[in-house]
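Visitor: As given, the protein sequences belong to chains A and B, one line each in that order. Position 42, counted from 1, in the first sequence is what my numbering calls 42; the numbers after and before it change by one each time, with no gaps. Position 562, counted from 1, in the second sequence is what my numbering calls 1230; the numbers after and before it change by one each time, with no gaps.
It is possible that part of the hints are untrue.
[Said to hold, decoys possible] Residues from chain A shown here face chain B by an in silico Cβ test under 7 angstroms; the list is partial:
id, residue
1, Gln178
2, Ser194
3, Asp196
4, Phe203
5, Val417
6, His420
7, Arg455
8, Gly479
9, Pro480
10, Phe639
11, Ala643
Everything labelled a hint here was simulated from the structure, so no lab data went into it. By construction, the Cβ of each residue, glycine as well, lies at the ideal position given by its N, Cα and C atoms.
Protein chains: 2
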Amino acid sequence: MTEPIDQLCIDTIRALSMDAVQAANSGHPGLPLGMAPAAFVLYADVMKHDPADPDWPDRDRFVLSAGHGSMLLYSALHLAGYDLSLDDLKHFRQWDSRTPGHPERERLADGRWRTPGVEVTTGPLGQGFGNGVGMAIAEQHLRHTFGAEVQDHHIYAIVSDGDLMEGVASEAASLAGQLGLGKLVYLYDDNDISLDGPTSLSFDSEDVSKRFDAYGWQVLEVGDANDVHALRAAVAEGNSETERPTLIHVKSIIGYPSPHKQGTSAAHGAPLGEEEVRLTKEAMGWDPDKTFFVPDGVYERFQRRGRKGARERSAWQQRLDALKQDAAKAELWDCAWAGKPLPGVGEALAPGAIDWGKPALATRVAGKQAMAAFDSFVPTMVGGAADLSGSTNTMFPGGDEERLTRDHVGRNVYFGVREHGMGAAVNGMAAHGGIVRPYGSTFLQFADYMRGAIRLSALQELKVAWVFTHDSVALGEDGPTHQPVEHLAALRAIPHLTVLRPGDAMETAEAWRVILEDLDGPAALILSRQNLPVMTDAPVRDGVARGAYVVRATEEVPQAVIVGTGSEVHTALEAADLLAADGLRVQVVSMPSWELFAKQDQAYRQSVLPAGVPKVSVEAGIAMGWSQWVDASVSIERFGASAPGDVVLERLGITPAATAAKVKELVG
Amino acid sequence: MTEPIDQLCIDTIRALSMDAVQAANSGHPGLPLGMAPAAFVLYADVMKHDPADPDWPDRDRFVLSAGHGSMLLYSALHLAGYDLSLDDLKHFRQWDSRTPGHPERERLADGRWRTPGVEVTTGPLGQGFGNGVGMAIAEQHLRHTFGAEVQDHHIYAIVSDGDLMEGVASEAASLAGQLGLGKLVYLYDDNDISLDGPTSLSFDSEDVSKRFDAYGWQVLEVGDANDVHALRAAVAEGNSETERPTLIHVKSIIGYPSPHKQGTSAAHGAPLGEEEVRLTKEAMGWDPDKTFFVPDGVYERFQRRGRKGARERSAWQQRLDALKQDAAKAELWDCAWAGKPLPGVGEALAPGAIDWGKPALATRVAGKQAMAAFDSFVPTMVGGAADLSGSTNTMFPGGDEERLTRDHVGRNVYFGVREHGMGAAVNGMAAHGGIVRPYGSTFLQFADYMRGAIRLSALQELKVAWVFTHDSVALGEDGPTHQPVEHLAALRAIPHLTVLRPGDAMETAEAWRVILEDLDGPAALILSRQNLPVMTDAPVRDGVARGAYVVRATEEVPQAVIVGTGSEVHTALEAADLLAADGLRVQVVSMPSWELFAKQDQAYRQSVLPAGVPKVSVEAGIAMGWSQWVDASVSIERFGASAPGDVVLERLGITPAATAAKVKELVG
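The shape of chain A in the complex, shown without the other chains (with noise of 0.2 angstroms):
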């Protein structure tokens, strides 16, 4: 039997979703009727949280993975204490409004959260799943690093069945359990309706449970969302689990306890509707006439937990005060939550820091080695590869020494071929905060099968570092299949997403440094597989982080000027090397970035790529997007071919001879 003021706690969630559901006239009240509980439980009893200080390190974590279940979130959140009020309710999914339509992880100009106590942007399916699984590595490693006196809690989420389908969080799944991340305790809401109507139609011959214990985990059920009780002693039994991730599979009725929707799609994702909210009050037990009505006791209920926490909050700050006494750990503790690297990061990728040790070498190459002279600088910085660390060659030194386990804390993650979950995961440890610069990488090809966490980590702006190798047909053999070849314009599409890509060693190593020194949101690093000759008299330090920059310069004002990027910033300059043979004055310019440089000044940008010039560009990929920077472009309009890289390079045009015709067209 739930306590009184508990159901009166857990029928305000209620009342207040379906209000602001109402006013909107938009929104998904199902998720918050059914699952009220399971909040009320998190929020007023279980989580270690202080709405007073939603930033607050070693709170515990919570992640609405169903995210169109916003209601939910900010009804607890407003209840709770954080600072998110009635009016903001009232104000559900309004323009600049605090309660947008899915949960926004956003900081506002002011420096406040948008909605204070949200984790994480959900809302796209099985993101949430997989942000969780990256808060629970990066709560782990921090703990090893810290102490578990200043980093020790769990990561809950609510999951539901749209979340469970969803390819992402499979490869989620799989990898809590390969890496045993027992501080993950999610509830699965299977209240057996999806958008489309019943699960039956689409997920009912699947046995969650035993899938979910394939993958490791640890499996509990609840048979009824409205026992407390149980919720209670299910997520006691998960928290006291602390080597496999716990899975609480409740059973609940969508838009419970609404007399003519609940246990139907038509609570899912559309509003109840006037007369149904009165009857789903009444059926509580309310007075129907009464909208966004607090009863009384219920914030004193509801804060109980949070009290507890900011008591829990001061013994920590004497702990982390006492761990700060040492000045080392002090400034790695500062520098990891403001998500900054060690100082003197800047000089050890400085030109000239590195020996390259030889003459060319391919760009992923350079980026191990530039990892290997920025390690010391971000201890805290956990990242690997989807299954090619061997080839796009993303690896701190140690290797497989400092390989994260269940049984070691390294902070190199092999993350299995599961590209999108990376990215889930990646985006949750930078959301966690804590980590500098969490990374995952892999084919740039491959970026395809991660696009949806690329979004959100631009979304979210969250300091992250992709890493695509194989960045051009340039890779040869493998084929059309891995060839990107409209990759790095789909990349450039996504706003707030700076991307990289550059053309030798030196560029690749400055290119890292602007990346953890320069940037505030998300990167692409897009590297070669093949060799590159390293330009050691580019004046890169300062032009990596213009984005564009002369690489050679002409002794008057030049005739043309030609743009590579990576691989083709060398096509580009024997393109010169051709025309100067035939007396035409080129300037070539290397643009790793796009965005850095439409960011620079009129005078710096008419300096690189003057007015009144011919300009070519040459880019192995297509041309889109490009006529904003040049005249003409060489580009490659079509798939790829699996032949050696030169071959295809040479059959495709992306040559110094086709770019300097290119020139001479254009010229006249």
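With chain A held as given, fit chain B onto it using these hints.
Guide: Showing chain B alone in chain A's frame:
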């Protein structure tokens, strides 16, 4: 004990595969060595196929989902008697060879297949797994439509650890279990190795057999890949199971019997090296000096099943001829396998043929009405949505009654919240043949989740339709996680994909006609959530097919042109009204498809977008790429926001006023 001649066949696969990889000095020898017995059993003993006719509609299908092991397939195809010579094998991974790095389904200009017997392009992991699921849906549908006497076959696949880690395969596996696709028999090459090393790095906590059991699959175990008797028995057991798909869990040794590299990741993705190839041949009892050698008796034995297949095909042809005595069935069969609708679909979709019922409706709603209009002309068209059919409005009349379930062969598929698995399955239906224009549908936002499959539809020029609705920020309250802004650009970036964004109901019907009648490759149909006025007087019939056309001409030479797509055609028209009030003559162009317009001759293009006249585009997304068509763009260069759709459009400047202002700025 394996028969000596069988062992010789198996070892010939191994030797040819090693030799080809060595000759190319590039490739993946490990899988062909380890799984040679499975390929032998399938091609030489099990599969109903006739190498003389790789297009035989009732052949068994084989999918090498682990496409990097392509030499396994090429060796088997050669030995089985397909039109693939030893010389072709010697040109593995060379320009324009018939044996590219990964299997490629490609129809050459002369009408031949690049590689006869390759059913589908694989390499990006997990896709082949999902393709097979689509093939099984196709087989089931066609068996139901035409009878088991002309369509009754299995779909076999070899899938790897990497495949099974991918989310796309997880989604497809769950779907296959849901639909009870008994014709699927997949062999899982469990070799304990992935690219980065032993699968213990990332994939040993998961119990794969239990997981597939949870999906509703029959799971069988073969403890040793070299035990051909056990392989045959397991495949037979898989064949006899009709209610569930079957996964045969085969323990293999990668690179077997290479003395120094078997069982290691060194055998996975690089040539063994000349010396190790010699040692491996010696370990097999072969003369190490012989390369590309096929011992006596091998062709004879290997082609035993194919010879039987030729007889089966003759018998099948007689049954088909009998069936085609019925003229209606003959026409249906021929159209189905030609991938064409029945005659008359153009009339059914002609302007005026559909009563839209109201003056304004969302193009997603118009799409549903168009589907009802062309329904009877494409009786073998199968498709559905990723749990959004109620929102995307993609469904044939009959609705749930025509739903595909394990107990009913309908053609409305509930794919569940499995976008990527849906994409791979739809590709598989198209690759199977007989299904006219299979389609998959979701919100445009979630094109990101299935981009890997969309790209493969384009690479193979599969005749599929992707239907993406909720196509802009105008969808409103769901906010930036659901509002596409960069997605049109990202789709237009994919070679061979025709993107169509109709501006009203009339254009929507015509767009469907173009897709069904005109296009030889994949299409993406982009539809609105919000209502749009029906442009009853626009010349859509010719205009949509040409990609762009004048919806409002001026009497004299225009002073400016405004180009809109989709909902923004109406923004453009209203802007032209505003400008007309200011005395400016503005031509308005609807441009549903860049790709179709680019194919028009210069004169037509000039008539639509006249040179020398200032041109402005308006589209509720990023401007990337528009500069090839126009001088300035009204666009959205940021993420969207949660608010009612009209508010978002207003705030982000997608309005007639902003468009008119941009035109004035340009005209000066």
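Visitor: Hint numbers the structure violates, sorted upward?
Guide: none
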